[in-house]
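Undergrad: Here are the chains, one letter per residue:
Protein chains: 2
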Amino acid sequence: MARVVVDVMLKPEILDPQGQAVQRALPRLGFQGISDVRQGKRFELEVDGPVDAAALARIHELAETFLANTVIEDFVVKVEEGQETRKAEEAAK
Amino acid sequence: MARVVVDVMLKPEILDPQGQAVQRALPRLGFQGISDVRQGKRFELEVDGPVDAAALARIHELAETFLANTVIEDFVVKVEEGQETRKAEEAAK
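Protein chains in written order, with our numbering: chain L, 203 to 295; chain V, 203 to 295.
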């Protein structure tokens, strides 16, 4: 079973009030040197079977029609190795 | 200027109703073969100056105290090359 990640972010030209709120709060909280923050969504899809070109094409279509609003959002589809992902998550604990 | 990405996901043992709603909707919409969906947040931070070990340590602290609720969420801090990111975004358009 493979994991496919879809990252959905507001397009650069779209105002991101959520990200701005985070960015403005940082100096108050003692974190300097962050000039911009954008906040988006991350979807982790567990795909049954192999992630071949056909599966990726379907996931791309899914992301385009259902996960992202392509009028205001960009999305990126990435395949992640299950093993790597778990290691990264372990490291963050 | 470098971009640092913080991915915040609910811990695996925490129920994710948002992800479940997406997963249950997929067969209705004609997408089979996705056995699980988890939805999380992605923060893109633009960092002034070099992203060295000290800067990463600060961003790790920032993510831990402010971006993620570590009782229920895991987070991963990743450095992204500006160039690569732009290319990936271009590809998604």
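I should point out that these hints are in silico values taken from the structure, not numbers from a laboratory. One should not assume that every hint holds.
Note that identical chains are pooled: a pair holds if it fits in a single copy or bridges any two copies.
As the list claims (entries may be wrong) - In silico DMTMM-like pairs for lysine to aspartate or glutamate, Cα to Cα no more than 25 Å straight-line:
#	residue 1	residue 2
1	K213	D254
2	K280	E246
3	K213	E263
4	K213	E283
5	K280	D250
6	K213	D250
Undergrad: Take the hints in turn and mark each one as holding or not.
TA: Each hint, compared with the structure:
1. Taking the closest pair of Cα atoms, K213 and D254 never come within 25 Å of each other, the shortest separation being 28 Å inside a single copy and 28 Å across copies.
2. In the homo-oligomer, the alpha carbons of K280 and E246 lie at most 25 Å apart both inside one protomer (10 Å) and across protomers (17 Å), since each shortest distance falls under that limit.
3. Only within a single protomer do K213 and E263 lie at most 25 Å apart by alpha-carbon distance; the minimum there is 18 Å, versus 28 Å between protomers.
4. Taking the closest pair of Cα atoms, K213 and E283 come within 25 Å of each other only across two copies (18 Å); inside a single copy the shortest separation is 27 Å, beyond that limit.
5. Taking identical chains as interchangeable, the C-alpha atoms of K280 and D250 lie at most 25 Å apart only when both belong to the same chain, with a minimum of 16 Å there against 27 Å between chains.
6. Taking the shortest Cα distances, K213 and D250 sit within 25 Å of each other only across copies (21 Å), while inside one copy they are farther apart (31 Å).
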